[in-house]
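K.L.:
From just these sequences and the hints, can you work out the full model?
One-letter residues, chain by chain:
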Amino acid sequence: MRRRSPVFLARRAYRLRRLRDAARLLPVAGAFLLLLPILWEPPEASDRNTAWDGIYLFAVWGGLIALAAWLAQGLAAGEDSDEATDAENGPDGPRRGER
Amino acid sequence: MPFNLLVLACLCYAVLLFAIAFVAERNMQAGAARWLRSPLVYTLSLSIYCTAWTFYGAVGYAARSGLEFATIYLGPTLVFVGWWWVLRKMVRIGRRQRVTSIADMISSRYGKSNLLGVIVTLISVVAATPYIALQLQSVTLSFGVFAAAGTYGWAMPDTNATALWVAAGLALFTILFGTRNLDANEQHTGIVTAIAVEAVVKLVALLAVGIYVVWVLADGPVDIFERINASALADWQLIPSRWSGLIALSAAAVLCLPRMFQVLVVECGDERNLATASWAFPLYLAAMSVFVVPIAVVGLQMLPAGANPDLFVLTLPLSQGQGGLAMLAFLGGFSSATSMVIVASIALSTMVSNHIVMPLWLSLRPTREVTGDVRRLVLHARRFSIAGVLGLGYLYYSLSGGSAALAAIGLISFVGVAQMLPAMLGAIFWRGATRVGATAGLCIGFAIWAYTLFLPSFGPGGVYPLSMFMEGPFGIGWLRPQALFGVAGMDPLIHALFWSLSLNTAAFAIGSLVSFPTPVERVQGLAFVNVFDTERTEPLAWEAGQVETEELLKLAQRILGDEPALTFFEEAASAQGTEGYLPDPTPEFLDALERKLAGAVGAAAAHAMIAELAGRARVTVADLMRVADETAQIMEYSGRLEAQRAEMERTARQLREANEKLTQLSIQKDAFLSQISHELRTPMTSIRAFSEILMEGDVPPEVAGGQARIIHDEAIRLTRLLDDLLDLSVLENGTVQLDLRLASLNELIDRALRAAAQVRPDRVFMVWRDLPSEALFLRTDPDRLSQVFINLVSNSRKYCDAAKPELRINVKQRGARVIVDFIDNGPGIPKDKQQIIFEKFARLSDQTRAGGAGLGLAICREIMANLGGTIAYLPAQGGAAFRVTLPLRLEKHPFADAA
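Line by line, the protein sequences are chains A and B. Note that our numbering has the first sequence beginning at 1, numbered continuously upward. Note that our numbering has the second sequence beginning at 1, numbered continuously upward.
Keep in mind that the hints were calculated from the coordinates and are not lab data. Hints should not be assumed to be uniformly reliable.
[Claimed, not checked] Heads up, simulated SDA-like pairs for lysine to any residue below, C-alpha to C-alpha not over 25 Å straight-line:
hint: 1; chain 1: B; residue 1: Lys661; chain 2: B; residue 2: Leu582
hint: 2; chain 1: B; residue 1: Lys89; chain 2: A; residue 2: Arg15
hint: 3; chain 1: B; residue 1: Lys596; chain 2: B; residue 2: Glu642
hint: 4; chain 1: B; residue 1: Lys89; chain 2: A; residue 2: Leu39
Predicted model only: the values in this text are computed from it and were never measured.
P.N.:
This is the structure:
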């Protein structure tokens, strides 16, 4: 039994690390999606549909909020148990102070 | 709607805010309300980003430029969704370094440089002034709407007077709640809570108008959908440079606006709140903007062609006769304006007082010593700065006439504050960033902003003549303000943003690359950039042993207040394992003190004050090693060595002190023995001489009477001396019988003052007492206690040689203990003698002045030990000061268990 718990913890720490990666990537993805309208259509095409543009914008916005909310939950929970998980991380984990 | 009703509603609303702020502050002081520091309140307080500009102006912006209005919210959304990058680090650094403002943060990172603090403060004030004017303008405009729509026949109110009243009211509110105390963390719970309530008001107001427009005026979302595509908004063209530029600009502004920094970092009660705000704040922004386009479209269709789209939120409900809804919308706009102005003026006043007023005062005052009440000075400086900032806003409003479209002013202000972005991001991510680079970047960015955007905003003929726009200064074409270096055909705002930020960043980078940072900068850079790694290895910039702790205590008392400073020093002393109020000036202690002071007056000022007392900032060899090479082993090793060295130094110092004390005591004892022989001999000699004369007889009776009296007096003196010695030995053995009963402290002090009045009765003593605080009943031995009091009062009558002698008696109750302080205005006791005054036979001055044998204070100390209390000398009170501490209720003899 004693051998199994580190395996479980390491896996959790791994997940937490990827969760942080996701949190870092989210604004990049968001910026990409929000800048996408620039590339849509040449300005001279006059059949642009403002209402649809607005709906796209708010859909991206809502998606970002939902993802951020989901990530924040995991990140906040992760921060509390940081000390425990970092002990398992070995040298490639971010170094925190020696408490 | 009657105008008076409107004014009444505003006043009621203001009173409500006062009440909320007051109750919140109360609750916080009682330590009760955890929810005041909850993620919800934190998120809502961030909503000061949405000012009256966004509340009214967003609809106007949408009516003019379609979906472009959303960029103002999309930038902050990206910043918050990406909180793991920047915000988390900023908040952590802010809390760790006790940052009080954005100027403080930048100045603290670049070697606590005050020059940078001043530059950032100036940029912030210049950029915020038009913004505050904008808020005043929007409130007066909305008043004007009601005035114009009124059917009661009253004239349009004087707009200037309205703006003046609003500015004065806001200044009053901010001063009342923003500068009540010099909080260690610069946090203002009351105001933050009031701001959170305002956030709810403006959200509800905008949503209510939106719902009314979509479901009452139109037939639901599908109808709105049709109307949008049929309206002028359908022709909207997305301009790529503006779209991407404005998203980047608003993202930069949300990080750099002083008011955002205030709520985001300084007022942050708990770092974990940020996780919630990362999605809740974007949600708030989305909710604020979801109905903007529908309101704009319906407004364009239903209102006459000339109507100002900036005021559709108000005029649309009014035109339909919905007075109540319009009133709600008005309150929403009012609260957007007030909350922004309040927080902005607090943030700016903190910066002005900490980075301009304090350093000026520090350098202008004639003596090196810190005199006077610094707390009051700082608070006054803040109050005047708040009034000054609002006054500037009002001035700008009345000078500019308040005519420009709302959105334009707001964006100009944004570009101004965005100039701090390179210096700030460099501060937290790049260890190579230096003060020279930051100063160069800020100055160049600010200058280009003023040249290409701020000054041209006054229009042709305003500051620049028209020829300047067309041909450039002195006919130099490539210096035209809106086509710098020949880059013509760009939107003026984006043009200014592009050039100011590019050149700012370039200057910052080049300046940093070619300059060399000072040691303090490097240490601070390490602390900022590696804030998550270096939790314990804080930079220690102070060298021990160069500073008098007593001087530090004086300084701290002036800034933190008497009791908090004494408590802080006492805790530090006991942590080091020494008694009393004066800890050793170890680097750790100096560092802790500096950060404590920084919470009150800012990092640069605190650093300057301590540096002045401690000589100058020195970096130890161990610190430089840490800067040069941060492998964990070396850090730990040098840390351990450092700790060992400090420990040994402290032990050595304690040993030295003990040795000194022993030597002195031995000398004292010898002196006392010779002295007591002398004391015994003098009366003995006179007794023997006079009794021999008497024995010879043949003396006239009146002369014999006189001689007998002398013999009697001398015998009494001898007896008293022996009594004292006996008393002392009884007290020391703990065999004394205590007569415990209830006694009034007030009466005890009365008795002591009366009894001590016989000592040098010719001197007129001014005694300051606080009678209400003396109304305490103690269970103790009243006779023994008053013996102590009498001794202390007589001592000060004897030794206080001020021209107008004064004695202050302060009584305080701390839980089950009572503290009585006796403070006079005499010369006090020199530091080297403070150690020995409670020892037996100690006497400081020559014996002719002192009547006794130097046993008084020793007896006092023994009595207090028997009464379960202590007596201690209180340093740095402007005279001799003794603190008597004793239990409120003494139940049994404290030595009973031991005996």
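K.L.:
Hint by hint, where does the structure go against what was stated? Just the numbers, ascending.
P.N.:
Hint 4 is the one this structure does not satisfy, whereas the remaining hints hold.
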